[in-house]
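**Student:** Sequences and hints are given; from them, build the entire structure.
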Amino acid sequence: MATLDVTASAPAPVPATVTPKAPRRERAPGSRLRRRNTLIGWTFILPNFIGFATLTLVPVVILLYLGFTSWNAFGAATFTGTDNFERLVRDTTFHTALKNTIYFAVMHIPLTLGASLGLALLLNRKMRGMAFFRTVAFFPYITSIVAIAVVWNMLFSPEAGVINQMLMAIGIDDPPGWTTSTTWAMPAIVIVATWRDMGYYMLLFLAGLQAIPSELYEAARVDGASAVQRFRNVTLPSLRPTTFFVTVMLTIASFKIFDLILVMTNGGPGTSTLVLSQYIYRKGFVENDFGYASAIAVVLFVICLGVTVLQFLANKRRDA
Amino acid sequence: MASLTLDRPAPPPAQRRDPRRTRRLLSAALLYTVLVVAAAAIMLPFFWMVVSSLKNNNQIFTVPVQWLPDPAVWQNYLDIWDKSEMSRWLRTTLLLSITVTLLQLFTGSFAAYGFAKMRFPGRDVLFLAYIGTIAVPWQAYMIPQFILMTRLGLSNTLWAMVALQAFGAFGVFLMKQFYESIPEELSEAARIDGLSEYAIWWRIVLPLSGPALATLALLTFVNTWNDYLGPLIYLRNPDIWTIQIGLRSLVSQYNAEYALIMTGSVLSVLPIAIIFLLGQRYFVQGIATSGLKG
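Chains A and B are the protein sequences, given in the same order.
Heads up: the first sequence is residues 1 to 320, going by full-length UniProt numbering.
Heads up: the second sequence is residues 1 to 294, going by full-length UniProt numbering.
Looking from chain A toward chain B, a few residues come up when the C-beta cut is under 7 angstroms (computed):
(1) Val60
(2) Lys256
(3) Asp259
(4) Ala297
Not the full set, but computed from the structure, chain A residues with beta-carbon under 7 angstroms of chain B:
(5) Ile45
(6) Leu66
(7) Gln165
(8) Ser294
For the record, the hints were derived by calculation from the structure and aren't laboratory data.
Glycine included, every Cβ here is placed at the ideal spot set by N, Cα and C.
**Tutor:** Right, here's the structure in full:
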């Protein structure tokens with residue numbers, strides 16, 4: 001655009017008398033320039049695009065085909081139509097994984113949303129030491145999943161673990177068995193996941209909070225709005241784009257939870273923490289049932305896509 | 001906290017004149033108390049990790065909790081190098097993270113220039129494809145990707161890990177956001193001076209994008225360092241294991257040697273902690289600016 005402008009405006013002052021000829025003379029170098037521009041544009045993108053296309057774009061397209069095949073990684077994939085999906089309907093382990101994934105998301109999304117917004121409100125102040133506290137809150141997010149999973153497993157240890165000892169100290173005589181219990185394993189994972197993720201979303205909320213013009217608050221204060229009213233009528237509405245973005249990201253992140261569960265419980269005890277992405281991994285890379293695993297992946301793909309589209313629609317309607 | 005309470009007796013005359021000041025001080029004290037408690041709670045697992053790495057095994061699970069090692073067992077930090085391949089894992093991961101980061105910086109910022117500063121047909125559709133894949137969970141397409149990688153003969157090599165991380169859509173997205181904030185007049189002036197687009201990228205845009213490059217470098221480095229699923233799938237050969245896979249194998253091999261496991265965990269987190277402290281300004285800035293404009 002910019003380059004085009006330069007050449008387009010350059011001959012403009014001159015022609016006045018040669019007006020009939022001008023357009024042709026202008027167009028010829030213009031289109032050559034445009035072609036050159038396209039070419040240069042592509043050379044910029046190409047080094048990344050080659051890798052991106054082979055390793056991301058193409059696999060996403062292939063996935064949609066593989067889901068309809070039977071394939072054990074040796075030989076060719078045979079097209080089996082909707083067989084895999086019919087098998088999914090009857091597969092109780094798949095049902096469990098789906099339920100667990102939704103269970104995790106339903107707990108993890110609101111908890112993390114609340115915790116990160118709370119932290120952001122707390123840390124959105126110009127006071128000494130705020131940078132330090134922000135750093136602390138963000139730190140868990142960048143540390144290795146394996147290390148934190150191992151540490152939390154020890155903290156969650158039923159008898160001598162730090163958490164249960166604390167619980168007993170405050171008078172809870174029969175603390176949960178956490179990762180050894182089928183009911184408490186998932187809540188334990190949610191706690192760790194929330195602890196890990198809230199710093200990241202806190203940063204997004206902080207950026208959103210800092211974008212709110214202070215005049216809005218002053219105006220509300222002049223009108224005599226209390227702190228709670230200011231929060232409900234100024235902060236929350238102004239934060240809506242951020243909240244929307246955070247919710248979308250958080251939803252996708254929740255549906256693809258994997259590493260943490262793999263290291264903390266490996267889906268157990270029993271199948272109480274088995275989630276979709278782990279089931280994909282198990283079917284594909286452990287049992288070499290690539291076709292079936294791809295079908296599960298298609299389901300995960302569709303869920304994530306569906307949830308995102310739904311959220312976009314809901315957001316649009318609220319805006320209207 | 002302590003210094004706050006000590007401060008309070010000092011300004012009584014001012015206090016009498018302005019009762020609001022007392023209230024402000026009190027609320028600040030309350031806020032700091034809340035923050036200190038929250039920070040302590042957040043950091044507890046790390047504190048416990050470090051403390052446990054300095055204990056011997058039977059000091060770790062005691063009732064009541066022993067908060068400080070007595071005596072501090074530094075031996076764990078010597079033993080671990082003999083009992084595991086820790087040094088090799090760390091070396092491999094470091095090499096990998098640096099390679100991936102450099103590649104990601106180059107391909108990401110280069111492509112971002114094409115998307116942000118050049119105009120050509122198909123550009124916006126292509127960019128949409130980039131954005132779209134950010135939302136697709138990797139777990140969904142890791143199988144076809146694995147098959148492709150195997151066909152390319154990259155499976156079970158470190159090249160697979162390089163290929164996996166070096167061409168991410170996220171880097172392009174982040175850099176594009178930043179480039180768009182660089183005024184168009186700047187490239188314009190350079191073009192009039194006869195600079196080629198490549199020269200504009202290299203000599204004008206790139207030097208201006210220090211903070212964005214730093215953000216991308218830090219995020220990529222941390223992601224590569226911490227990646228678990230990628231190496232789990234692609235690196236079957238123990239000789240090329242990364243620290244995350246190594247640590248996991250250490251956990252299953254020495255599953256009762258808690259102190260040793262904690263030592264390994266500390267060593268796996270330490271490089272990231274250092275990098276984070278050095279660059280945390282960029283982390284915060286980068287995520288705040290790039291994360292929002294989705």
